[in-house]
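Participant: With chain A fixed as given, assemble chain B onto it according to the hints.
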Amino acid sequence: MGYLLQGDTGDWEVVIGLEVHAQVISNSKLFSGASTVFGGEPNDQVSFVDAGFPGMLPVINARCVEQAVRTGLGLNAKINLTSVFARKNYFYADLPQGYQISQYELPIVGEGVLTIDMAEGSKAVGIERLHLEQDAGKSLHDQHPSKSYIDLNRSGVALMEIVSKPDMRSPEEAGLYIAKLRSILRYLETCDGNMQEGSLRCDANVSVRPVGSTELRTRCEIKNVNSIRFVQQAIEYEARRHIEVYESGGTIHQETRLFDSVKGETRSMRSKEHAHDYRYFPDPDLLPLTLDPKMVETIKQSLPELPDEKKQRFIAEYGLSAYDAGVLVAEKASADFFEAVAKGRDHKLASNWVSGDFFAALNASGKTFDAPPVSAKNLGELIDLISDGTLSGRLAKDVFALMLESGKSPSALVEEKGLRQVTDTGAIEAAIDQVIAANPDKVADVMAGKDKLIGWFVGQVMKSTQGKANPAMLNELLAKRFQK
Amino acid sequence: MSKLTSLTIAEARDGLSKGEFTALDLTESHIKAIDAGRGLNAFITETPELALEKAKESDARRRAGTVGALEGIPLGIKDLFCTKGVRTTAASHILDTFIPQYESTVSANLANAGSVSMGKLNLDEFAMGSANITSYFGPVINPWKRRSDPSVQLVPGGSSGGSAAAVAAGLVMGATGTDTGGSIRQPASFCGIVGIKPTYGRCSRWGIVAFASSLDQAGPMARTVRDCAIMLGSMVGHDPKDSTSAPVAVPNFESALTGDIRGLKVGIPKEYRPDGLSPEIQAVWDRGVAWLKDAGATPVEISLPATKYALATYYIIAPAECSSNLARYDGVRFGLRVEGKSLDEMYANTRAEGFGAEVKRRILIGTYVLSHGYYDAYYIKAQKVRRLIADDFANAFKTVDVILTPTAPSAAFALGEKIDDPVTMWLNDIFTIPTSMAGLPGLSLPAGLDGEGLPLGLQVIGRPFDEETVLKVAEVMEKASGFSTRPKGV
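From first to last, the protein sequence lines stand for chains A and B. The first sequence finishes on residue 484 if you use my numbering, and the numbering steps up by one all the way, no holes. The second sequence finishes on residue 490 if you use my numbering, and the numbering steps up by one all the way, no holes.
Incorrect hints may appear among the rest.
[Claimed, not checked] Calculated cross-link-like contacts (lysine-lysine; reagent style BS3-like; alpha-carbon spacing at most 27 Å):
id, chain 1, residue 1, chain 2, residue 2
1, A, Lys294, A, Lys348
2, B, Lys360, A, Lys88
3, B, Lys241, A, Lys147
4, A, Lys294, B, Lys241
[To be verified] Pulled from the structure, derived: some chain B residues nowhere near chain A, Cβ distances all over 12 Å:
id, residue
5, Val250
6, Arg351
7, Ala480
8, Ser481
Treat the hints as calculated values from the structure; they're not laboratory data. Quick reminder that beta carbons are idealized off the backbone N, C-alpha and C, glycines included.
So that you can see chain A by itself, here it is in the shape it has in the complex (with noise of 0.2 Å):
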């Protein structure tokens, strides 16, 4: 059995339906022509549609429809030809026109799926819809002691919400839900993912169950999370919460609730009876959207391949572990890296070497793939030293630390320190005899039997060589030397 949760009167299971908001990644918002760039100054990226100012009329931006099609495809799901804008009304001060634009009926994409890979294998979550609205605006309270301030820098930037089915039971497929929703997003360069400046934010639906049941109870939704280990924290909490209420002979009201993440713990932000009445209506300014199959098919040809496409390609082309592959895979970035590595290379040593050294290096760097402490070329040469001899696994470790601090290339490293394996049999042999001279005592001591003596010979003649001699031609002809 999975993710349960114990209580008084037996165990609970939890159901989680996420609602992900994805900035679209575009250059202008979904209806205006305003700049959609993060960070300029307060008001500075506005137009008069955005500002709901009188008789100002949206426009649908193409790329944005483009950019929900791609992600609709990506996520292998129903893109519906005919799709329908409808006004989401409630007051404000951050929403300009008193509504918000936003597909209800009839969205852009329809049920698709997502698959999460879990230590016990692999499981399907569904996708309900995918729809496009707008943005609002922010307010900033802590400006000025009685008065708020308002950005409209954001308002109108295109929104895609991806509405999962109520299919995670844990924590753990909630947050694999959300990375891997965010490597699919990233890979189609849909929207950046970035959870920190606010372009991917997620609400979750939590309620729960005893184990066995089948029913839905009623659920509430915790808003706005801006991190997966947040989003996990309160699916955990609000879950907690619940089977508390239930044990104790309590209610679940449907509500909207918010998540501390300082005091980690969820409250109530709003319940059913204070709830907006929407009152969606279509939006009379825009006709229905209308895509042309052909449009759809195009973008389905330009689709990148995918991270569960590319997992698959790894384990099979290079026959690497389902978790190296998954690892791998995450981030285009990283798998790019790795191919351009691992190309014509001994492919466990790239992959070795792609995610063991190199990602800690690249971790401990604080750099990204842009401008990776060392680059794939390097990384390359190093995997050509070590299979053509040049290099020991040992010295391969010794020149990558040289690469990270140089930036230089591993064969000029080797020529310029002198760090080419010793593999010559008399050199080695040479130093042999140096430690052997020097230690008769020793010498004795392993010729009474104490074997394990011979690990301290290595490591001498590897000292009195800088660790150039070959470890395999210096363990054998050590082995010769103590022959009995």
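Facilitator: For chain B alone, coordinates are given in the frame of chain A:
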């Protein structure tokens, strides 16, 4: 009216091109007329200095040999069109200090055609009303007077009441109107002028303060059919900034006025003869049919059975859209703000003080019909009926080329009449609303006077984007009617 202010646009165009007078002469004489006619309250904002400047520019263009279709013609702009640098109020307190930084597409098109704007014309608040009595800036007075008692002040109709009164009284040669359920046609009928609501999508809505987006449409109001055709040609055209603007070619509307309507079939809908229809209206309608017959057209009785639901349906759809469209007037970014202790209180104070009673009534109705639990019963059902109304017309247009009906159920009534209950007022638009619901072009032209000497209009309805036939038929009737009476009140 002085000689220059009594000219039609077509006559003024000829006079200007022959050099008989200049745009400056025309503008100056209209400024005088506006001064003299201020009692009508037709303008909210007069812009005489700007007009004189534009007139001089127009004369300079003419000397340089570049002449637009409306070169030097003084026009008035309904104060629902946003005008760059000139206050635009929608006749509402909530916008009474609003100066747009942009120009509506239609008013920009008219300016680009060389016309001279004399200022912004009064209307019902946010174009909601049929008598121009809901304006924050006071009612507009119809220049026409009852024979029996010329002291009674009559309404000009609405919502484009300022436009209709100004055109009828010779304060401008033509004006823009907007029509959602009859707001061009009914005031045209009340003031004895011509007005056409084009097909939905003909004119860009960009920069026009929205009332009900799926119905709103701009159109010209002028003293003759030809003048309307000339103005219309300069107002229309596909606008990429309005997604509902139709990408259709712009015909030469004026050249459609051939006078030849032989063989055309004219639909006479039996449902437009309700019990209690005034005998005078019936008589004018019969006369209109006779003129068309004389000109070689054939009247055909048709049925538009869904018509009887049109008014009820309209008063669901239009308020629903208005309740959402007017949400942006919240005191946050522009226009009136009345402070409060919280954001919600500021909203409530601003909107309570900023909107008049009729606007509030429609916002409340609209909010109600869109509410959870009522949406299907009202809004969805209304949309279905709207479809049936459009289907009725589409069926009729399989056999007829145009449809002829009265424009309004009565002549202009007195200020203060019909205000006891809002539904009585709403009945004014009973003949014009079905056309709006179907998005069809509809034109009102004056067809005669009633016993009190007040004008009565007839409505010509056409196929989608067939304004040419509508104008052609209207011009034939205009000639036959010989209607050239101008109000005595001026």
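Participant: Decide, hint by hint, whether the structure agrees.
Facilitator: Tested hints:
{"no.": "1", "hint": "A:Lys294 - A:Lys348", "in the structure": "42 Å, violated"}
{"no.": "2", "hint": "B:Lys360 - A:Lys88", "in the structure": "20 Å, holds"}
{"no.": "3", "hint": "B:Lys241 - A:Lys147", "in the structure": "35 Å, violated"}
{"no.": "4", "hint": "A:Lys294 - B:Lys241", "in the structure": "26 Å, holds"}
{"no.": "5", "hint": "Val250", "in the structure": "20 Å, holds"}
{"no.": "6", "hint": "Arg351", "in the structure": "10 Å, violated"}
{"no.": "7", "hint": "Ala480", "in the structure": "39 Å, holds"}
{"no.": "8", "hint": "Ser481", "in the structure": "37 Å, holds"}
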